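So the sequences go chain by chain: E and R. With positions in the first sequence counted from 1, the corresponding number in this note's numbering is that position plus 1071. With positions in the second sequence counted from 1, the corresponding number in this note's numbering is that position plus 41.
Hints listed in this document are in silico derivations from the structure and should not be mistaken for laboratory results. Nothing here was measured: the structure is a model prediction, and the numbers come from that model. A hint or two may mislead.
[What the hints assert, rightly or not] Partial pick of chain E residues on the chain R-facing surface, computed with a CB cut under 7 Å:
id, residue
1, Phe-1082
2, Val-1084
3, Leu-1087
4, Phe-1088
5, Leu-1089
6, Val-1090
7, Gln-1092
8, Leu-1099
9, Val-1118
10, Tyr-1193
11, Lys-1215
Just so it is clear, CB atoms sit at the ideal spot from N, CA and C, and this is done for glycine as well.
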Amino acid sequence: MRSLFQFIYRFHVGLLFLVLQALCFYLLFQQNNFHKTIFINSSNKVVSELFAKRNNLADYLRLDEINDTLAWENAQLKNRDPRSFVKLQNDLVMIDDTILGRKYLYTSAKVINNSVNKKSNYITLNKGTKHGVSEGMAVVSLDKAVGIVRHVSDHFSVVLPLVNTKFQPSVKHKKSGEIGVFYWPGNRPDEGEVHDFAKYTVLQKGDSIVTTGYSSYFPEGILIGTISEINNDPGDDFIQVTINLSTQFDRLNYVNVVQNLMLEERKALEDLVPKDE
Amino acid sequence: MIRVILNNILRFVFLLLVQALIVNRVNILDGLMLPFVYIFAILMLPLHTPRWLVLIIAFATGLAMDMFTSTPGMHASACLVMGFLQPHVQSVLSPREGYEFTDKPTVQSLGLTWYAMFASVLTLIHHLVLFNIEYFKFEGLAMTLLTALVSALGTLILMIVGQYLIFNPKKQG
């Protein structure tokens, strides 16, 4: 026993180093289990308050740009306003009916922290569970895909954006409907890759790549990017393309969090099917 | 003694805020240069700090940084490796008679050559560990190494210039 204590005393620095390093690696590799690490991410209160303060300050310097975006969005909404339509036929009357049910609900949120220069970038938003945001919801900006909500606290949330090497959603070539897998190689915030398009797919530069709607979070057909380069290697079984991302990740101001109101119904139905079938 | 502890705590908070709120947001050379100046808080620990304390402070510093970047364990791990090697680097670089009690790990106290050696070795170690943990693949190894090298250079420049700006040479004299 005594020699054990002596051993510990003699190598206490090395042992301490190993114990702490083991703790680090434990934290690193249980990241998928996100409830446990909730206190070491930027949705915790102190950190997000700080980010919010800093953003308040920085926003004054960017008011021009924010105004432009808001004005543009306003114009888009005005276009959809019934008052900007003229009745062309008098014999048709619209009755408030039950044919349309709301499926997606949008909540606007402000980006209070954002990075694009790392491999694992995250975005912090100023909306949390109190505003109806929950894990897994889609985030869009000007109807273009941004990412999905990864962690939430009462007033803040952290988003896993497309510009993170860990996020690989399935995507669709809009014209042909072929499915591929999106991947961000990690060096440029405006460029991504899509792998695994079937060999027979007819692809052209400038074609749109959109979300599938298979993953229950993103609405179908949200724009991700446009094809900039096609890599059709004859020796390969699949076609790989490089795309220009439509969202400007380095200048996000306001985004919309999308809530799928029919998600629970769909999940409940899908859960009826046994997993091994 | 209390003054030394207080100074170190203030420096820690200040550097963490500068790193998280300003430096992390700056995009230099298309994301190739990502300086991490917060490690200056560990480099500035007094020369005779017990090794176990250096380790614990390094771990805490890394973990605090991780909170800002939502990367649990990443900065903490890199800081630990640096904190573990820091006393070794100091003893390798020590003058023949050993360090005076009044010596501080700064440019003003031990000279630019000593400081450049000391800081560049440790900064490089920290950045190499950090970027390799972040990417964790062999594919882009050359790119990862290049990013680490360029970033370490940026960190060093910021730290050395910062010292000339903050410390008053007459007061240190």
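Hints and how they fare:
1. Phe-1082: Hint violated; Phe-1082 of chain E Cβ to chain R Cβ min 11 Å, cut 7 Å.
2. Val-1084: Because about 4 Å separates Val-1084 of chain E from the closest Cβ in chain R, which is inside the 7 Å limit, the hint holds.
3. Leu-1087: It holds, given that the least Cβ distance between Leu-1087 of chain E and chain R is near 5 Å, below 7 Å.
4. Phe-1088: The hint holds - Phe-1088 of chain E has a Cβ within 7 Å of chain R, the shortest such distance being about 5 Å.
5. Leu-1089: 10 Å, violated
6. Val-1090: 10 Å, violated
7. Gln-1092: 6 Å, holds
8. Leu-1099: Result: holds, 4 Å to nearest chain R Cβ.
9. Val-1118: 5 Å, holds
10. Tyr-1193: With Cβ-Cβ at 4 Å, under 7 Å, it holds.
11. Lys-1215: This interface hint is violated because 21 Å lies over the 7 Å limit.
Hints 1, 5, 6 and 11 from the list above are not met by this structure, while the remaining hints are.
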